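Asks: FYI, in the numbering used here the residues of the sequence shown are 6 to 342.
Everything labelled a hint here was simulated from the structure, so no lab data went into it. Given the structure is predicted, the values throughout are model-derived calculations rather than measurements. Just to be clear, a hint being listed does not mean it is correct.
[Said to hold, decoys possible] Just the calculated beta-carbon pair ranges, DEER-fashion: (1) Ile153 with Thr198: 29 to 35 Å; (2) Ser183 with Ile153: 18 to 24 Å; (3) Leu159 with Pro266: 48 to 54 Å; (4) Arg108 with Pro149: 36 to 42 Å; (5) Arg103 with Arg152: 30 to 36 Å; (6) Asp148 with Leu168: 27 to 33 Å; (7) Ile164 with Asp208: 40 to 46 Å.
Beta carbons: idealized from backbone N, C-alpha and C, even for Gly.
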Amino acid sequence: MATKSQPASSAGKKSATASAGTAKKKAAAGKNKAKQTSKPPRKTATKTPPVITSRKALLLKSFAPMASPAPPYCPPSPEAAPLRARDPFISAASPEERDRIRRLLFKRFDRLAQPAPAAPGGAPRSVPPPPHATATGTPRQRDPARRILTFGALALAAILALLVVSSTMNKSRYYLKSGSSGVEVWKGTFSPTGTRKIMALGDISAPTDGQGPVSRDVAYALMFDAFIRQADDLLNEQAVPDFKLIRQRLVQALPYAVNAPAAETAHRRIAKIDMMMHVYKADILAGKGTPEALSEAREILAGALDLDIDSAERSLVAQKLKWLGEKQERGGTETDE
């Protein structure tokens, strides 16, 4: 019994060792697979383009030819692609039917063109035209925006016309105002209410209270008298009058002469000032006593006779000429007694 049990036990041991070896092989195969799957993927080397380090290499570098662009689209010509025949607008079998349908489609319906209904007596009844109808009978449409624009343009034109008229009228107006230097004359400008100062008249009695405009003649007469008064003051205030300044004031008064007598008065006074200037220059030259100075003094006095002076002044100039002639004959050595 003992000998039979030994082979059985040895066989069991062999089977146990065989199963243990297969288990170890399976475990080793599993570890190998895990190692293979855990390895990172292999990197592929990328080729980098060569870096050009010199100017010569850059100039000699070859480039690939540029691809030619696509040609622009050109529609085909009518000769190359004939048009397809269109479907007829009126699809009728007979030409008479097509003409009838065409006449119906293009027929115009107008209430005014319709024949008027007949009256009970047989005469045609007249139909009155609609309101705002034109010569052809069609009603005329009124655009409200156009009416507003028309009225606005007319109103603007009227306002501009009023401004121009009022500015023109104001330009010819004169005003008398009281200022720091007395009564002042102001003239209207080309604007509805604008004014500008012309002249200060001084302390005079104004013919108006300064509330409204005055006429042109009144303003001109006041300015004429002011210039004449200034010339008289210059003649009376100084021991040796400034004839040039006095003559300047008289010349300034000439444009404001409102009538012929005032202008003649200004001209006579200017001629008198010129005569006095000639006499004054001749006396200064005669005081030198030289023949040349006496000759020049006589020429100056001869020019005074050509002025518009009265008979008394002319006789005075003639006496001066006679005295200068006698002095020139005596040699200019004697003085006037």
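Asks: Starting from the hint list further up, note which numbers the structure goes against and sort them upward.
Replies: 2 and 5
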